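Visitor: Residues per chain are reported as follows:
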Amino acid sequence: MNFNRNPWALHALLLTAAIVFPFVSNSAFVINFGVLALFYAFIGQSWNIAGGFAGQLSFGHVAFFGVGAYASTIVQMRFGFNPWWGLPVSAMAGAAAGCLIGVISFRAGLKGSYFALITLAFAEVFRIVANSVDITGGGLGMLIPMKQTAANFQFGDRRYFYFIMLTLTVLSIAVALWLKASRFGARLAAIRENEDSARALGINVFVEKIKIMTISGAIAGAGGCFFAQYFLYIDPTIVFGVDKSVEMLLVSMIGGAGTVYGPLIGAVLLAVVSELTRSMFSFQGLSLVLYGTLLVIIIAFLPNGLVELFNRKKRKEAGRLVSSTNKSGDA
Amino acid sequence: MDLTIIGAAVINGILMGGIYTLVASGLTLIYGVLHIINFAHGSLLMVAMFGVFYLVTKLGMDPYLSLIVTMPTMFVLGYVMYRYLIGKLSYGKDENILLITLGLSIVIENLALMFFAGDSRTISMSYSDKMFEVGPLLVGLPKVISFVAAMIMCGILGLFMSRTDTGRAIRAVAKERMGARLVGIDVDKVFAISFGLGMATLGAAASLLMPIFYVSPTTGHVFVMVAFTVVVLGGMGSFLGAVVGGLIVGLTESFGGLYLGESLGQIGISLIFILILLFRPSGLFGDKR
Amino acid sequence: MLKVKGLTKIFGGLRAVDNASLEVGPGQIVSLIGPNGAGKTTLFASIAGFHKIDAGQVEFSGQSILGLQVHEIARLGMVRTFQITQPFAKLSVLENIAVGAFQQFSSKDEAHAHARLIAEKVGMSSMLDQSASDLTVAGRKRLELARALATGPKLLLLDEVMAGLNPQEIVEIIALIRSIRDSGVTILLIEHVMHAVMSLSEYIYVLSYGKVIAQGKPEEVVNNREVIEAYLGRGAADQMATQVQGEAHA
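Protein chains in written order, with our numbering: chain A, 419 to 749; chain B, 10 to 298; chain C, 23 to 272.
Among the hints, erroneous ones may be present.
[What the hints assert, rightly or not] Cβ pair distances, simulated, as ranges:
no., chain 1, residue 1, chain 2, residue 2, range
1, B, Ile15, A, Tyr578, 22 to 28 Å
2, B, His44, A, Leu431, 43 to 49 Å
3, C, Glu241, B, Lys198, 42 to 48 Å
4, B, Val157, C, Lys112, 37 to 43 Å
5, A, Pro721, C, Asp76, 52 to 58 Å
6, B, Leu94, A, Asp575, 45 to 51 Å
7, B, Arg289, C, Arg37, 24 to 30 Å
8, B, His44, C, Gly206, 34 to 40 Å
9, A, Val551, C, Lys27, 53 to 59 Å
10, B, Lys97, A, Thr434, 51 to 57 Å
11, A, Val588, C, Ser129, 22 to 28 Å
12, C, Arg37, A, Pro425, 25 to 31 Å
13, B, Lys198, A, Gly530, 27 to 33 Å
14, A, Asn424, C, Ile32, 55 to 61 Å
[As the list claims (entries may be wrong)] Taking lysine-lysine and the DSBU-like style, the derived pairs with C-alpha atoms no more than 30 Å apart in a straight line are:
no., chain 1, residue 1, chain 2, residue 2
15, B, Lys97, B, Lys198
16, C, Lys143, A, Lys598
17, C, Lys233, C, Lys176
18, C, Lys176, C, Lys27
19, C, Lys130, A, Lys598
20, A, Lys629, C, Lys25
21, C, Lys25, C, Lys74
22, C, Lys27, C, Lys233
23, C, Lys25, C, Lys130
24, C, Lys176, B, Lys97
25, C, Lys27, B, Lys184
26, C, Lys130, A, Lys629
27, C, Lys143, C, Lys176
28, C, Lys130, C, Lys143
29, C, Lys143, C, Lys74
30, A, Lys529, C, Lys233
31, B, Lys184, B, Lys198
32, C, Lys112, A, Lys598
33, C, Lys176, C, Lys112
34, C, Lys239, C, Lys143
35, A, Lys565, A, Lys598
36, A, Lys529, B, Lys184
37, A, Lys529, B, Lys67
38, A, Lys529, C, Lys27
39, C, Lys25, A, Lys529
40, C, Lys239, C, Lys27
It should be emphasised that the hints constitute simulated quantities derived from the structure, not laboratory data. Owing to the predicted nature of the structure, the values given are computational and were not obtained by experimental measurement. By construction, the Cβ of each residue, glycine as well, lies at the ideal position given by its N, Cα and C atoms.
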């Protein structure tokens, strides 16, 4: 089956596999694995659309995640709203944070490494604030009391969480697909490659960057809400700590930054490696050692991520075709 | 507020600032010469601090004397790291090397987590509790020793850079890479030496920090932010900037803790970092690149 | 179409462009020439909005564009190319040109279709799927031109679009530029390839040390003493005159 000619076949195949997955086994462990893999694919996609598609590498994407997690939890716990409201609230909160940080950073003309570092600093500021104010519970964090009913956005059977996460992940993939097919996405790619040229061709670089940061923030924010409902406990270190920023970046870069399925590939790989290392060795952190090493290797040798391995064959053939037609007169 | 408390905060800020300057000087050297934003700076410091920890607890060495061991070891480590790893990978976009050093820091931190587990370690020496008098104020002796030693180290580094041939070669490469190559300077060797020197300062800083701080696998995070802030505040590549920056950061941290409390007080450093990047990215003394 | 009056751009202590004025009428091909370092690219960049101008006026299609941002000026119809090419490296030739086309079309299909047309016009149809980073210098120059053309511009500022081309390619580009003009686009070019400048231009401005030292029809400018001296050095005009006389006697 040639997926290049018929990409919908690929989408359908993956979706079917994903839908069937939680019924393959009754084990909570397997389903949890699936939820986490999808979760990382989802928040990874948030990083991916800003970092991979638009070239704005951020080291502080957890800021949007945490804002969403706290927004939805606060709205539930402090204001008594139904937890399902958390989803739109967290998405909007994340979007607002993305927009704000984007405006501040891009107004000042920050790009590349400076942008990466300032986003790290912003996330740290958010973490410190969350650690210090009452409404977030300060350093103690916030606990969501367990009451497993559908109306309360909590489920005893994890399969329900799985399908919610699957829906969210499918949405994030749809966003990525839309970017690939739209003018907006093409402009972001231009911005990523060369901002001055993009400007000279009529692209309002500032506005486009803000737009993508906003969308990216919304996705990460929604991820925060889900996280809170799944684990029922959040605190500043967990939802504003640098670890999540790193994970969002890792799954995308390793899977393939700027590709639609990169974060999914990266997330599945991370989940598999995590489980394997946890069961084989009791060392905490081995999976990240492997992952960090993988990142270094990828940047050095496979900057387009693992996806490139799949594309290599296609590229070789295209290359051969092109070089034969070029012989006719190209200097 | 009581003058003595403020006075204590000032002293504390200055003392810690001196050490931050030392940590940051390695980073600014590496950036100034190699144009590498070394994200692994913090985690490498952590490794060195663990080294000091074991030298002290297993071999009974005095932490300040461990300088003799840590500095050369870190130098060699840095030299080798550059020659065989980073040097080979640092082509292409600026962000690539940032990502690579990020990857390295992840590997280093998690290896530390695997081998040392998450708890913090501290050391204590016979003189850990001794106090030093500064007017009406009492300051911990180790802190003072560390500060003085840090200033001496910075001074030595400064002299090295201005008086020795190698130091001059390094400055030449930092200013004009191609020109340096053309006058016969082995630029790759200078890069490796510079990276090694940067690591050596971390070795020194580790020996000076262990008596007054703690180490755990995540200590790196704290120092990365601090080091970057000092460097960015002072100006990438400026040593005077590192001194001034270290001082300002140390004082900010001290007063932040005093007026905003332990938790919110940490915000000062991140805020300085953000503000500098937004309004004066070349820092106080850096060249406007 | 384009009126520049007294444009001055200062960098630190250096007057890169000093009180320069020029005019380009609709449908014209006008050239800007001058020795290296004369400030030609800086002038282009200033006109197109990449630099803040220190003094002077720029009017495009009758309205002042001073203070407008680069992309706003581009959307008004003035598009520049870069002397040192800046392709979208990881994108294919087709995708590169399409970025320009997206100025006029909102759907990917339309933009790609238009990009193909432009590619054909420019002679790049066989390279559409190639990555822009694989192109030769000549290919990249052509790509710069194609990308700018795809935006449907009213005025093209072409910066040394012929540098690095072989004679055959130059002939092709000259024809291409003419046909672009014939399709209704006004062109202002910076160029060093003299015979191309002579054969294409209706009017020439000569820039030296940031100042416009001469302007006029090609035949007038080429014999202008100051122009010769700007390129070849002081006294060169006289030397050339004596040489010619010497040859005439011999």
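Visitor: Given the hint of 34 to 40 Å, is the C-beta distance from histidine 44 of chain B to glycine 206 of chain C inside that range or not?
Guide: Given a distance of about 47 Å, which is not inside 34 to 40 Å, the answer is violated.
Visitor: Assess, step by step, whether the Cα of lysine 130 of chain C is no farther than 30 Å from the Cα of lysine 598 of chain A, and give holds or violated.
Guide: Distance of about 9 Å is within 30 Å: holds.
Visitor: Can the restraint linking lysine 112 of chain C and lysine 598 of chain A be considered satisfied, given a maximum Cα separation of 30 Å?
Guide: The given pair, whose Cα atoms are some 14 Å apart, holds under the 30 Å limit.
Visitor: Check the following: the C-beta atoms of lysine 97 of chain B and threonine 434 of chain A are separated by a distance inside 51 to 57 Å.
Guide: violated (44 Å)
Visitor: Could you see if the CB distance from arginine 37 of chain C to proline 425 of chain A stays within 25 to 31 Å?
Guide: Violated: the Cβ-Cβ distance is about 56 Å, outside 25 to 31 Å.
Visitor: Within a Cα-Cα threshold of 30 Å, do lysine 27 of chain C and lysine 184 of chain B meet the stated pairing?
Guide: violated (40 Å)
Visitor: Need the status of pair lysine 25 of chain C, lysine 130 of chain C: alpha-carbon distance at most 30 Å?
Guide: violated (35 Å)
Visitor: Given the hinted pair lysine 629 of chain A and lysine 25 of chain C, is their alpha-carbon gap at most 30 Å?
Guide: With Cα atoms ~36 Å apart, lysine 629 of chain A and lysine 25 of chain C exceed 30 Å; violated.
Visitor: Between the alpha carbons of lysine 143 of chain C and lysine 598 of chain A, is the straight-line distance 30 Å or under?
Guide: This hinted pair holds, its Cα atoms lying about 27 Å apart.
Visitor: At the C-beta level, are proline 721 of chain A and aspartate 76 of chain C separated by a distance inside 52 to 58 Å?
Guide: 42 Å Cβ-Cβ, so the 52 to 58 Å window is violated.
Visitor: Look at the Cβ atoms of leucine 94 of chain B and aspartate 575 of chain A and judge whether their distance stays inside 45 to 51 Å.
Guide: holds (48 Å)
Visitor: Quick one: are asparagine 424 of chain A and isoleucine 32 of chain C within 55 to 61 Å, going by C-beta?
Guide: holds (59 Å)
Against the hints set out earlier in the document, violations occur for numbers 1, 3, 4, 5, 8, 10, 12, 20, 23, 24, 25, 29, 30, 35, 37, 38 and 39.
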